[in-house]
Amino acid sequence: MKPSTEPCQNDSELDDEIADLERRLAQAKAKQPPQSALLTPAAHFLLLLSDSALPLGSFAFSSGLESYLAHHKALAHPAPHHRASFTSFLPLSVSSYSSTTLPFVLAAHRDPSLARLAALDDALDAAIVCTVGRRASVAQGRALLGIWERSFAGPGGVAAAAAAIAAAAAGVGAGKESGAEAMKGFSALLKTSSSSFSTSAGGGGGGTGDDDPPPVSAHLAPLFGAICALVGLDLAQTAYVFMLGHVKALVSAAVRAGVFGPYQAQKTLASATVQGLIAAMIEREWETKVEEAGQSVPVMDLWVGRHEVLYSRIFNS
Amino acid sequence: MESPFPKSSSADGEGRIVVRLLPQGISGLEAFAYQYPLKLITPMRPPETKSALVFILSYGGGLVGGDQVNLSIDVKTGAKLSLATQGHTKIFKSPSREVVTRQTLLVSIAPNAAVCLLPDPVQPFEASVYEQIQIFKLARSASLCLLDWVTQGRTARGENWSFVKWVGRNEVWTVADDQAAQDRLLVRDVVILDSKQAHPQLPTLCDSMHGVGVIGTLVLRGPLMKKLGEFFLAEFAALPRLGARDWRSEDMKKGSDIPLPPQEQWRAERLRMEKESKLLWSAANVRGCVVVKFGAPTVEAGRVWVGSMLAQEGSISQHFGAQALMCVR
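Chains as they are written, first to last, in this note's numbering: chain A, 592 to 908; chain B, 4 to 332.
Treat the hints with care, as some may be off.
In silico DSSO-like pairs for lysine-lysine, Cα to Cα no more than 30 Å straight-line [claimed, not checked]: (1) A:K664 - B:K278; (2) A:K880 - B:K230; (3) A:K880 - B:K93; (4) B:K230 - B:K96; (5) B:K281 - A:K880; (6) B:K168 - B:K53; (7) B:K230 - B:K42; (8) B:K168 - A:K880; (9) B:K230 - B:K281; (10) B:K42 - A:K858; (11) B:K199 - A:K839; (12) B:K96 - A:K664; (13) A:K880 - B:K53.
Calculated directly from the structure, the hints in this document are not laboratory data.
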């Protein structure tokens, strides 16, 4: 770079001007009545969807943590780096969950139409090759769909209002309107699936039957992406809330499994590690096509799958 | 001397196999073509006639960085094909992450036809970059047995998941009888092993494998594999519970003098082996396919286990002949 004094002077003048404008903007804003970001409908739903009280039943699943602990306990002389610890399980679980599942959340948020949502649900159903993982994903997905139908999209129409506002802001009113209809269509599809495929949905016996899989199963990830889009969360927020939800479920499972207490749990949740980890995973999967999503931690498949062979269990996964 | 093998043809790394049911009721190769670096071999006088047998090989015993192999296989109505290898598929190093060594396998299986792919594992060397895509399109009454496994590398040289990247994708589709209807995806199993740590808190690839030296996936589908799939599910359900206490008295533990039935004896021996070799496995029924996952500290432990399961149940040798099992013995 050539040394030159003139641009520097210009830069400092520009800086002064910017500082002056910013100060005046802040003064003008201060005169307005308070308009916190918390008051937007999207922010309101961000809080609801990230709330531990959201009745998804996530508390019933440990995402392989219980099995991981049991498998390590069973080892007579584990190598030092293979001793069970939540600190080593957490990053593995976050990496595995984001590589297998996050692309489906992102894809559904980008296009929450009925056709796309059903296709994503079907593709994810083909990609979770583990009974325990399927059970956890479908149980929470159905619970979320229930929350949408009974609570968010209920007679109060709170979600509809939020969607309308979000749509008006984005200038795509018609598109968002069909979003709620897409959810209705999805529910209808699920009801036909459940009635005609009730026997095969259990996934227990059979083996290699000729029956086609049901059209939709209601897995958590695509529904989460679609509903977040409907209530106005942006893509990055949606991804963050989804991954944080996974971490919160893991941490809460760890507390109930007696790994650590509530203060350590909050310390873990508040840590820069968890924040950085989630951000890094979102960045890693931002462009991943759902066809290319896959397991980045193969032993996780074994731990989660073998949850079935634990003698005593406090979780469903 | 003229080569006993069929002439090589077609474009770089391309290969094509068509298997047809011959009038005398045995499966024969209708088309058989391949190009460097892919090499296919079929025995002139097959030891068995239950299925056609093809070895998928590469010149020099491995794929060099950037090699591309595209093999397309068509198994016609009622025909059966066994695919095997002769030793590990070695993946040599790539000069950079961008140079991907790639194998693509497209298999179309017609009604009542069957394919058994039980190869040796893929052995990616240090600094290799590999991607493997295997897509199987099955008619409703078609059957498939597919094993895909990968090792930690050359242990003798201290390699332990030391490659740059390994991606394996297996897809099983069911093809509608009706031409107008769309194919339906049944299973898509993708494994992504990447040495790049997206966050400093993530363990290295080697550490994330938790002492496992080989990981494998077995996918079973179709009427000929129905019994075998049920066998895996039943054996998985019969695994001893982890963390269970043995409340039996010392006398009871020693066992009675009455010998166990052969099946029970085999199971007890297998469970002892699983425990000793630290092999972990699980099985699940996924949309009409049985998907088995396993991991073991050594390739041999994995091989012995898979071989023992497949041999004990017997469907593979019954339908494809013992030759289909040669890589897992």
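TODO: Starting from K42 (chain B), check that the Cα of K858 (chain A) is at most 30 Å away, please.
DONE: 57 Å, violated
Task: 30 Å limit on alpha-carbon distance, applied to hinted pair K880 (chain A) and K93 (chain B) - done: 28 Å, holds
- [ ] For the pair we were handed, K96 (chain B) and K664 (chain A), check the Cα-Cα distance against 30 Å.
- [x] Outside the cut-off at roughly 38 Å; violated.
Open item on the list: With the threshold set at 30 Å, check whether the alpha-carbon distance from K168 (chain B) to K53 (chain B) stays at or below it.
Closed with: 38 Å, violated
Task: K199 (chain B) paired with K839 (chain A) [C-alpha distance capped at 30 Å] - done: Cα-Cα ~26 Å, so holds.
- [ ] Compare the distance between the alpha carbons of K281 (chain B) and K880 (chain A) with 30 Å, and conclude whether the hinted pair is satisfied.
- [x] 35 Å, violated
TODO: For the pair we were handed, K664 (chain A) and K278 (chain B), check the Cα-Cα distance against 30 Å.
DONE: Measuring from Cα to Cα gives roughly 14 Å; hence the hint holds.
- [ ] Compare the distance between the alpha carbons of K230 (chain B) and K96 (chain B) with 30 Å, and conclude whether the hinted pair is satisfied.
- [x] 41 Å, violated
- [ ] Mind checking the alpha carbons of K880 (chain A) and K230 (chain B) for me, to see if they're no more than 30 Å apart?
- [x] Between K880 (chain A) and K230 (chain B) the Cα gap is close to 35 Å, so the pair fails against 30 Å, i.e. violated.
Open item on the list: Hinted pair, alpha-carbon criterion (30 Å max): K168 (chain B), K880 (chain A). Please report holds or violated.
Closed with: Holds. K168 (chain B) to K880 (chain A) sits at ~18 Å (cutoff 30 Å).
Open item on the list: With the threshold set at 30 Å, check whether the alpha-carbon distance from K230 (chain B) to K281 (chain B) stays at or below it.
Closed with: 27 Å, holds
Task: Pair hint outcome, K230 (chain B) versus K42 (chain B) [Cα-Cα no greater than 30 Å] - done: At roughly 33 Å apart (the allowed maximum being 30 Å), K42 (chain B) and K230 (chain B) break the hint.
Taken one by one, the earlier hints fail for this structure at numbers 2, 4, 5, 6, 7, 10, 12, 13, listed in ascending order.
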